[in-house]
Amino acid sequence: MEKTTFSSKTFHSAVPQGSFGDISGGSQRRKEYDSPDSLHSVGWTYPKRIRLVTPDNPLPLDYGTPFAPIDVEYEMLGELASDRNNVILITHALSGDAHVAGWDATASPTWRPWRLDRPGWWDTVVGPGKPIDTNRFCVLCVNILGSCYGTTGPASINPATGRPYGQNFPLVTVGDTVRLQARLLDHLGIKQLYAVCGGSLGGLQAFEWAVAYPERVVKCIILAAGPRLSAQGLGFNVVGRHAILSDANFNNGDYYDQATKPDDGLAAARMLAHITYLSGQGMEDKFGRRRTTRQIGRNGSANGTGEQFEVESYLQYQGQSFVARFDANSYLYITHMLDNYDGTQWGNGSLQAACARIKAEVMVVSFSTDWLYPPECCREFVVALMRNRIPVTYMQVESNYGHDAFLVEAKTVGRMLRAFLLSPTLARRQFLRGGQCK
Numbered sequence: 142m143e144k145t146t147f148s149s150k151t152f153h154s155a156v157p158q159g160s161f162g163d164i165s166g167g168s169q170r171r172k173e174y175d176s177p178d179s180l181h182s183v184g185w186t187y188p189k190r191i192r193l194v195t196p197d198n199p200l201p202l203d204y205g206t207p208f209a210p211i212d213v214e215y216e217m218l219g220e221l222a223s224d225r226n227n228v229i230l231i232t233h234a235l236s237g238d239a240h241v242a243g244w245d246a247t248a249s250p251t252w253r254p255w256r257l258d259r260p261g262w263w264d265t266v267v268g269p270g271k272p273i274d275t276n277r278f279c280v281l282c283v284n285i286l287g288s289c290y291g292t293t294g295p296a297s298i299n300p301a302t303g304r305p306y307g308q309n310f311p312l313v314t315v316g317d318t319v320r321l322q323a324r325l326l327d328h329l330g331i332k333q334l335y336a337v338c339g340g341s342l343g344g345l346q347a348f349e350w351a352v353a354y355p356e357r358v359v360k361c362i363i364l365a366a367g368p369r370l371s372a373q374g375l376g377f378n379v380v381g382r383h384a385i386l387s388d389a390n391f392n393n394g395d396y397y398d399q400a401t402k403p404d405d406g407l408a409a410a411r412m413l414a415h416i417t418y419l420s421g422q423g424m425e426d427k428f429g430r431r432r433t434t435r436q437i438g439r440n441g442s443a444n445g446t447g448e449q450f451e452v453e454s455y456l457q458y459q460g461q462s463f464v465a466r467f468d469a470n471s472y473l474y475i476t477h478m479l480d481n482y483d484g485t486q487w488g489n490g491s492l493q494a495a496c497a498r499i500k501a502e503v504m505v506v507s508f509s510t511d512w513l514y515p516p517e518c519c520r521e522f523v524v525a526l527m528r529n530r531i532p533v534t535y536m537q538v539e540s541n542y543g544h545d546a547f548l549v550e551a552k553t554v555g556r557m558l559r560a561f562l563l564s565p566t567l568a569r570r571q572f573l574r575g576g577q578c579k
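Residue numbers (this note's numbering): 142 to 579.
The set of hints was computed from the structure by calculation and includes no laboratory data. Computed from a predicted structure; not experimentally measured. We treat Cβ as the ideally placed atom computed from N, Cα and C, and that holds for glycine. Hints are all accurate, no fakes.
Derived DEER-like restraints, expressed as beta-carbon distance ranges:
1. Asn226 <-> Gly270: 14 to 24 Å
2. Thr302 <-> Gly421: 43 to 53 Å
3. Ala301 <-> Thr401: 19 to 29 Å
4. Pro207 <-> Gly421: 44 to 54 Å
5. Arg528 <-> Ser371: 16 to 26 Å
6. Lys332 <-> Ser371: 35 to 45 Å
7. Lys189 <-> Gly488: 33 to 43 Å
8. Pro254 <-> Arg225: 30 to 40 Å
Make the full structure from the sequences, and use the hints.
Set out below in structure tokens:
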């Protein structure tokens, strides 16, 4: 078997140990937000929702019959260039949404109240003068198919019945959601992306863009993602889905009219998933075996002493806050989307053959303590790209923040993004050297 060698750079994070970023929640969460009137914030944003797919032109699906209608929610930040060549598509992860940066002007105590006290999920990276600079680029973020944040999903109304789809929603894939994004670009008159960038499930979408639409992507950035999820990763998702399906209030997915939703199952699934987003050392640094001072009853305590461990309190907070903003059916569908993805499908089982389709320059970033997509998994992309002589930059970040490091390590990741996005494209470098541009 041919052996491919490559060099990479390893970055050591300067973020203090034992201090998680804004996404971690709980009483210890740092609040280092740019206010809406800050020069470094995109300010107030207004999500857009349109009926993109109609019954006369349904969206082809990888499984099942073409599907319609489909509404799509998206946000655009920054100014679109006259030739529309400055667009960066940011693809979000499992529980993410189109609100990538800035402050949602439509949020209220009764509509997405969790957005009232914080900006978009990647506000540390996206904005004026930030690594993904909205003074230079037009940033587009689209809510994925099957979600519960504006794009059609299981909680949406099925026009055939007048009730939410629930478990009658079709099985959807990464390919389907990328196909939907491509249709949105057509609607917006955007022929080519300067870059597509995403982490975790967003990284799978970024890769899918590069192989499915090679002529439409100049640069592709894959963070904390590999060609496929490991058996361990699949197992975590199986247990999470089992918790939801076993909840007495799940009612075969038809729970939308019930006073009580399958909140316990969804909270348990989120608690389990959140453990996989962290790392063993990160959890030890943050919690150790410390206990809270709050006393609870024996039946409500995992340790049977009437006293909680800090990690228990933290995970309960994560589960409870997630239930307030997410839909159990969407969780089932999107984890299936994540599980079913395999980048080798474009090469009949060969990742190298799949990568041969790519015409973009690619950057892959892995994180040393990521359980879901460990560095060796991410490097599969790098090896396959190099064997095809496709320009690829690979970085491994040494971090104790696990899978969530692509969100938490804002400074480290930001430096990489800025350098890669501002470096001349291969075609531009060839032109400056007097070479031929294809």
